[in-house]
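Visitor: So you can see what is in the structure, the chains are spelled out below.
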Amino acid sequence: MELDGFFLKKGVHRGDCSLIGPRHAKRGGFLMGKKVTKFMPSFTVTHMKEKLEQLKTEATSALASAKDAAELEALEIAYLGRKGSMAALMQGMAGLPGHERPAMGQLANEVKVAIERALAERRREIESEKLGAIATSEWIDLTAPGTRPPKGHLHLVTDAVAAITDIFSRIGFTRVRYPEVEWDWFAFEALNMPKDHPARDEWETFFMDAPEDPKNGKMVLTPHTSSGQIREMRKGKLPIRMINISKTYRRQSDVTHVPMFHQFEGLMIDEKVSVTHLKGVLDHFARAFFGAGRVTRLRPFHFRFTEPSFEIDISCDLCGGTGLLGANKCRVCKEGWLELGGAGMVHPNVLKACGVDPEKWSGFAFGWGVERTMMMREGLKIDDIRHLYRNDFRFLRQF
Amino acid sequence: MNLLVSYKWLKDYVKLKASPKEFAARLSLSGPSVERIYPQGAALDKVVVGKILKVKPHPNADKLRVVETDLGGMTKEIVCGGSNLAEGQLVAVALPGSWVKWHGEGESIEIKAAALRGVESFGMICGADEIGLLDRFPKKEEKEIVDLSANKVKPGTPLAEALGMDDVIFDVEVTSNRPDAYSMLGMANEASAILGVPLTWKPPKAPQLKKGEKTLPLSVSVQSKKLCPRYKALVMRNVKVGPSPEWMKERLASAGVRSINNLVDITNYVRLELGQPLHVFDYDALAGHGIVVREAAAGEKLKALDGNVYDLKPGQLVIADAERPVAVAGVMGGEETGTTEKTTTVVIEAACFDPVSIRRTARALNLHSDSSKLYEKGLSTELVEVALERAAGLAAEIAGAEVASKRFDVRAAPYKKLVFPFRPERAAELIGVSIPVARMRKILADLGFKVSGAAKKWSVTVPYWRDHDIEGERDLVEEVARVYGYGNLPSVVPAGTLPLAVEDRALAWEDKAKRHLKDWGFTELMTYSFISKDLAEKIGADPAKLLRVSNPLNEELEYMRDRLGAGILKVVAENQEEAVEGRAFELSNVYIRRENDLPAETARLMLAVWGRGQDGRYVFDAKGVLEALFEEFGIRGLKTERAPGDSVWHPGRTASVTVGGETLGMLGEFHPELLKKFGIERRVAAVSLDFAKLLTFASAAKFYVPMPAFPRVKRDLAFVVERHLEHAAVAEKIRHADPSIRMVELFDVFEGKNLGEGKKSMAYHLEFGADDRTLKAEEVDRVMETLRGTLKREFGAEARS
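Protein chains in written order, with this note's numbering: chain A, 10 to 408; chain B, 10 to 810.
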């Protein structure tokens, strides 16, 4: 907006002294303790310049020391209002020679902008001073505890089962669940362990006080999830990629054994499945579950239902794989290695027992303890597996 | 089963150059697994031979001495309480920085130079148990120290060096299918094939009957050839029973076997060396100089070498003389016919027994020996030959024995070698890499197999020592694969067609329920599936109807539970101080017995809320969770109907949970008397659900109902009624009072003296609406008026302003 036009349009009466300046400053005086000069219209260029400079100096200093919003508003009206000092001074413009007016108009504009800036700045300052006040009046202790949503806890095993399920589902293994109370035929016989075979001793089996089934033999608590292999294959749907997670039972209870625990059993049956695939799947799991820092190895072992059979070791987290803690042997591992669990290529006899042609199909299986595997995870150094089933809240609530 | 393998001993049979560490690693990755390595001298680092110069009294302790000891190049004072200290004696000194086992127990601790009762001691003079040498230096007295005076070595010599302890002992795990590897020779066979080094073992040379000497009479008959496929025996005379030579004692010690006398040691030594158990009878104690291998007769007894008398039963195989059993075959010999220091003539038995029979007998008698453990695994009939010759040779060598009979050899059938086909192509397919055919052939040959036949289909003959564990082509594939090395195989995540498998929906819903309950502040419990008789009865189950474990670990774990309550209440009882108020749940299978079938395994969910409040508040907490859970499960039409209660459930605070007329479970507070029985000083509310049944109603489907087009009018309604009037009845009445009533919500209930005895106040939020317009205030007023009238008429409700 052009200053000239503005003032002209307002139709200020030239030479009407009585109309210059804010009402309460008509005759000069004080506004809230600040001197507000009463400017008279002036008709010489020099004089007008002086007046403008004076107005600028005075207004900016007055605004800078305004105490609050009310004072600031009053000052705004006094200097920039319709009847304020600035307006009054501008009345003199008309009296100037025509060629002087543009320069003078520009100067006046600069002064006005300066005053406006000072006003805005002080307004901001007062605003933040106000905030400073609630900093005290509305202070709170942020070190006090937060208000929590209700906090529940999943059992560590539930967590581990979910993680395991997820890791295997990424490579196409679907979770299933099979009976915990099972016939001997499924738990042993079909797994290539005929009656009285010494291999059966490795599973400290619980027997049920129930009549024998003429075809399937005694009723037992599954000492492993491998019976799930038989159940899965006998469905007759090939190929197979399953992960069977279930409760299992063995007659033992000590620092590393509980009579009820969980196992996860993987089974893959397809055409031309080889040991390299078993390695691939186990490596996938180990990396995802334990992280990249741990190393695994495959050792030959013996199970009746797989051939070749392996045991999978993972480097020990406690001794860093050295097998030594000071001069003593590491308490938890064997020469730096922890046994993760067993695995192997499904024995042709097992395939046959399930009606799968071993000449066409091959596969691998592995069955590990969920608790054991979980306890080998970094950081979770539980010294007694029985803690998991004591249901002590001081334990459960840590997770 | 684990075997202690001396590296020095092993090197007698196979040319090994690998460092112990390398040997252990390579053996583990292709054969029996080395679990631990024990360098013999390692435990003796900084333990040296010292010479006692002077024994002085300790100024502050009667039982201690200050011993001036020459440690080679330095003389130091050591405080010691040894009972046999003597000047000039050579002793074992643990210098500062060495590790010893304090009194032979616990973990090793480090020795530091320290003051003992005010006298500075430079290390420790050791007892045998403190440095793990008790076998070599048996103690006669508690405070005895090792006396090394017999060893002529200089003071300062490291003890391990002084004792020639430069061996390394491996603790090796041998799998149960490989009894052949459970021996030094078996281990040598494995090492030879795996490390590619030659076997140097030679079959033993056997002593023969001296020319012109007469034989001693013996008869051998095997009546039960099925249980004893081969029996060999040999009589030897002029035996001098006495201590074994040092080399044998040392070897036995390295395998953890104590030396007894030369005869007993020979049987143990041959078992360790070749994996064949032996037995030695005193020839003169055998009635009729006869050996009969037969099943025991009913009522027969045997006093075994362990001193116990065993009752024998038919079906159990025994070795008998003309009159009585003299050994439980393959398990343990009898005391009366065992060798003694007076024995001069012996019968050495090397036999093969049926593994199943041995196993059954050992278990029935609860008598397990090193011998039965081996027989149970299944041994070859051909092993007895080499073992008998080895034993005879050793008896001649270290006991002066002379052959006094022919070799008796009774066998059920001539030996038939096992031969299996082997297709190299199929093997490569299963292993996943193409191993060169020549490599496969060499691996099999190194392990003792003989390969012949066509290029595509080999014919592989199994060596006798593997005739039990090799059962077919697949076993041969394993031999090739393991020696080739699993570490040399690539790791390949399988590609191929993914099976069209349908996920078990129960698993997904279980996960969902667990996650929600956790989010709602519940702690998940996992209690055993087993339950004691006592607990079962407490929780209202009939033990007679439960599935019972016939061999429980203890009576706490005797029955399979058919409900969850007991486990949770036990946990609440145990945790009531830690969790004065709390929430917990368990979602687990229970086992419902069925006739002639496996039990029904059904998932049940129980959630519990407890605390000190007596007013039934936890029931509403539990019910709220139930409602929220059903909402998350997309189940509509939840009804809770008052149930009578019983010994488990509170008679005034229990309801059944139903949907569409089907009962899914219970909601309520446990009976205070029941809680007392569990020792719970809290009130416990619970929801018990048949999770499997619940799932038949669960649905993940989402439904959309259009938002009301016209705003609803909200009003509150409060009134005073009888205390026993139920919300369900009131809400039902309100809801059906007028079609414009769209929402009824109880928001306040209270009782107070000002309301009158037996009265309560109920307050409802109501919403009114119409589908085609906004209701006018006057319309709603009219409905409210009618409603008040209805409630007054039906329930005697007095409106409150």
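Note that these hints are calculated values from the structure, not bench results. Hints may contain errors.
Pairwise CB distance ranges, derived in the manner of DEER restraints [unchecked claim]: (1) B/G633 - A/A144: 39 to 49 Å; (2) B/K17 - A/N337: 33 to 43 Å; (3) A/N337 - B/A27: 48 to 58 Å; (4) B/G90 - A/N337: 17 to 27 Å; (5) B/T667 - A/R243: 33 to 43 Å; (6) A/K369 - B/G462: 22 to 32 Å; (7) A/K246 - B/D781: 35 to 45 Å; (8) B/V511 - A/E368: 44 to 54 Å; (9) A/G302 - B/T672: 47 to 57 Å; (10) A/I143 - B/G767: 25 to 35 Å; (11) B/D781 - A/A144: 49 to 59 Å; (12) A/L327 - B/K152: 30 to 40 Å; (13) A/E387 - B/D528: 24 to 34 Å.
In silico lysine-lysine, PhoX-like type, Cα no more than 20 Å apart, as pairs [as the list claims (entries may be wrong)]: (14) B/K768 - B/K723; (15) B/K235 - A/K204; (16) B/K465 - A/K369; (17) A/K369 - B/K466; (18) B/K163 - B/K235; (19) A/K338 - B/K55.
Every value quoted in this text rests on a predicted model; they were computed, and no experiment measured them. By construction, the Cβ of each residue, glycine as well, lies at the ideal position given by its N, Cα and C atoms.
Visitor: Determine for every hint whether it applies to the structure shown.
Guide: These are the hints, each one checked on the structure:
A beta carbon spacing of about 41 Å between B/G633 and A/A144 agrees with the range 39 to 49 Å that was offered as a hint. The hinted window of 33 to 43 Å between B/K17 and A/N337 is violated, with their beta carbons roughly 25 Å apart. For A/N337 and B/A27, the Cβ-Cβ distance of about 26 Å falls outside the hinted range of 48 to 58 Å, so the restraint is violated. For the pair B/G90 and A/N337, the beta carbons lie near 25 Å from each other, so the given range of 17 to 27 Å is met.
The supplied range of 33 to 43 Å is met by B/T667 and A/R243, whose beta-carbon atoms lie about 38 Å from each other. The hinted window of 22 to 32 Å between A/K369 and B/G462 holds, with their beta carbons roughly 24 Å apart. A beta carbon spacing of about 56 Å between A/K246 and B/D781 contradicts the range 35 to 45 Å that was offered as a hint. Checked against the hint of 44 to 54 Å, the pair B/V511 and A/E368 fails, with Cβ atoms roughly 29 Å apart.
With their beta carbons about 53 Å apart, A/G302 and B/T672 fall inside the hinted range of 47 to 57 Å. For A/I143 paired with B/G767, a C-beta distance near 53 Å fails the hint of 25 to 35 Å. A beta carbon spacing of about 55 Å between B/D781 and A/A144 agrees with the range 49 to 59 Å that was offered as a hint. A hinted range of 30 to 40 Å for the beta carbons of A/L327 and B/K152 is consistent with their spacing of about 37 Å.
A beta carbon spacing of about 27 Å between A/E387 and B/D528 agrees with the range 24 to 34 Å that was offered as a hint. At roughly 26 Å between alpha-carbon atoms, B/K768 and B/K723 are farther apart than 20 Å, so this suggested pair is violated. Distance restraint check for B/K235 and A/K204: the Cα-Cα separation of roughly 18 Å lies within the 20 Å cut-off, and the hinted pair is therefore satisfied. Between B/K465 and A/K369 the alpha-carbon distance is near 18 Å, which keeps this suggested pair within the 20 Å criterion.
For the hint linking A/K369 to B/K466, the alpha-carbon distance of about 18 Å falls within 20 Å, and the restraint holds. Of the pairs offered as hints, the one joining B/K163 and B/K235 is violated, with about 62 Å between alpha carbons and a cut-off of 20 Å exceeded. Among the hinted pairs, A/K338 with B/K55 is consistent with the structure: their alpha-carbon atoms are about 18 Å apart, no more than 20 Å.
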